[in-house]
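Undergrad: Spelled out, the chains give:
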Amino acid sequence: MKVVYYPGCTVKSTAIRYEKATIGVLKSFDIDTIEVENWTCCGVVYNLAVDSVAYTVAPLRNLIRAQETARRNETEKIILTLCSMCNHTLRQAERRYKSDIDGASKLRKYMDDEPEYKGGMRIMHLLEVLNEFIGIDGLKRHVKEHLKGMKVATFYGCLLLRPRGIGVDDPEDPTIMEDILISIGADPVDYPYRNECCGSYSVVRTPGVVWDRVLEITKAALRAGARAFVTTCPLCAFNLEEGQKYRSRELRGKFLPVFYISELIAYALGRREYIEDCVLAQIRRLLGEDV
Amino acid sequence: MMSWLAMNIYEITGENVYLCYLCGKCGAGCPMAEFMDLLPYQVIHKIQLGDESVLDTESIWYCATCFTCSVRCPRNLDVAKIMEGLRIIRLRKRLDAVDLRSIKNIDKYPPIALVAASRKYTG
Chain A
1 MKVVYYPGCT VKSTAIRYEK ATIGVLKSFD IDTIEVENWT CCGVVYNLAV DSVAYTVAPL
61 RNLIRAQETA RRNETEKIIL TLCSMCNHTL RQAERRYKSD IDGASKLRKY MDDEPEYKGG
121 MRIMHLLEVL NEFIGIDGLK RHVKEHLKGM KVATFYGCLL LRPRGIGVDD PEDPTIMEDI
181 LISIGADPVD YPYRNECCGS YSVVRTPGVV WDRVLEITKA ALRAGARAFV TTCPLCAFNL
241 EEGQKYRSRE LRGKFLPVFY ISELIAYALG RREYIEDCVL AQIRRLLGED V
Chain B
1 MMSWLAMNIY EITGENVYLC YLCGKCGAGC PMAEFMDLLP YQVIHKIQLG DESVLDTESI
61 WYCATCFTCS VRCPRNLDVA KIMEGLRIIR LRKRLDAVDL RSIKNIDKYP PIALVAASRK
121 YTG
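Line by line, the protein sequences are chains A and B.
Under our numbering, think of the first position of the first sequence as 1, with each following residue one higher.
Under our numbering, think of the first position of the second sequence as 1, with each following residue one higher.
Be a bit skeptical, because a hint or two may be false.
Unchecked claim - Facing chain B, a subset of chain A residues (Cβ under 7 Å, in silico):
| id | residue |
| --- | --- |
| 1 | Leu48 |
| 2 | Asp51 |
| 3 | Val57 |
| 4 | Pro163 |
| 5 | Val189 |
Said to hold, decoys possible - Rough simulated footprint, nothing fancy, chain A against chain B, three-plus residues with beta-carbon under 8 Å:
| id | segment |
| --- | --- |
| 6 | 10 to 20 |
| 7 | 67 to 76 |
| 8 | 80 to 88 |
| 9 | 108 to 119 |
Since the hints were made in silico from the structure, they are not lab data.
Backbone N, C-alpha and C define an ideal beta-carbon position, used for all residues, glycine too.
Next comes chain A alone, as it looks inside the complex (with noise of 0.2 Å):
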């Protein structure tokens, strides 16, 4: 099957392996992603003003370009997204303009060199497309190199379960990673900080209070029994990694590596091509392979 790929800014420059092992996998279950022509920034923080529509026009402009590139290329009507915030805004500009009748014909009005967009296209999240495509046995069925039990600690953030309606799983008691993470043979821990939001952007305005959300997050983790994190979300990834070298001697110098799913995803399969070398290390390392 063909799907439509938007990347968002991030995943093609911080998060670059992120998009790498994604591609990977997903080829490797036949799945051929296919980039938004002409995409543009989504506009990160979806503002929820319901009194203008300015702020919309960012991600409709996408979803536009979205829908042009399924009708060229013949895709199925689906966006893939890999980073929770695109995957939120987008999602929230979709709701947006098929509940707001008034808001939808002034973002018609003032996208006129666009073409219209028509709706009908479905906005997925990797979670979602691993767990509706390939399904908890598709998984288990290719796992060449079973991760061991490696002790795995989920990370969700916020804007990927949040709000009911737009996140992609329960808010309070999310599964879809764990399922994912004991298909492929790994042994995600219980720990309360997994669904919480780890400070977000505030990294840019007060760095400190992000890595003190961090030495928490991470406290209870190494308490769980982790020994990694497991995200979807870039910038929980650059947070969780940043903060635990902000906070090593509070943390005594532990430091648990982040991990992308589907890098771990592309470990079990037996593609470690799609993995950079330095995670490579990371994940063989824990699994206590010699490196």
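Put chain B on the given structure of chain A with help from the hints.
TA: Chain B alone, transformed into the frame defined by chain A:
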């Protein structure tokens, strides 16, 4: 009588702050609570009373819109939206909390963090 501020928040976000009965659940679950000068329900209480000093609190900028409060509110208020409403009142006067020119090592941050922090320009 609805305060000017409550009316403004209602127009910007569609949320009626007078539905809040100050149970404190939003403050209890807020990941940023320990850094806030006023907890979310205290912010809402001030809006109910029309106390415009809430616009100057640090709390509204510590809120990272993670929606934990919104999914837990027993009155079904979208608390994150209310906090956003206060920020929007500020942003529409061109007052932002972050000055990107003053940030050190700006190139180490992932683009999403920088774009998100540029609220004045991106909303």
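Undergrad: Hint by hint, note whether the structure agrees.
TA: Here is what the structure says about each hint:
1. Leu48: Since chain B brings a Cβ to about 4 Å from Leu48/A, closer than 7 Å, the hint holds.
2. Asp51: Constraint on Asp51/A satisfied, holds at 6 Å.
3. Val57: Result: violated, 10 Å to nearest chain B Cβ.
4. Pro163: holds, 5 Å
5. Val189: It is violated, given that the least Cβ distance between Val189/A and chain B is near 20 Å, above 7 Å.
6. 10 to 20: Our answer is that it holds, as 4 residues pass the Cβ test (under 8 Å) against chain A, meeting three.
7. 67 to 76: holds (count 4)
8. 80 to 88: holds (count 5)
9. 108 to 119: Result for this restraint: holds, n = 10.
Violated hints for the displayed structure, listed by number in ascending order: 3, 5.
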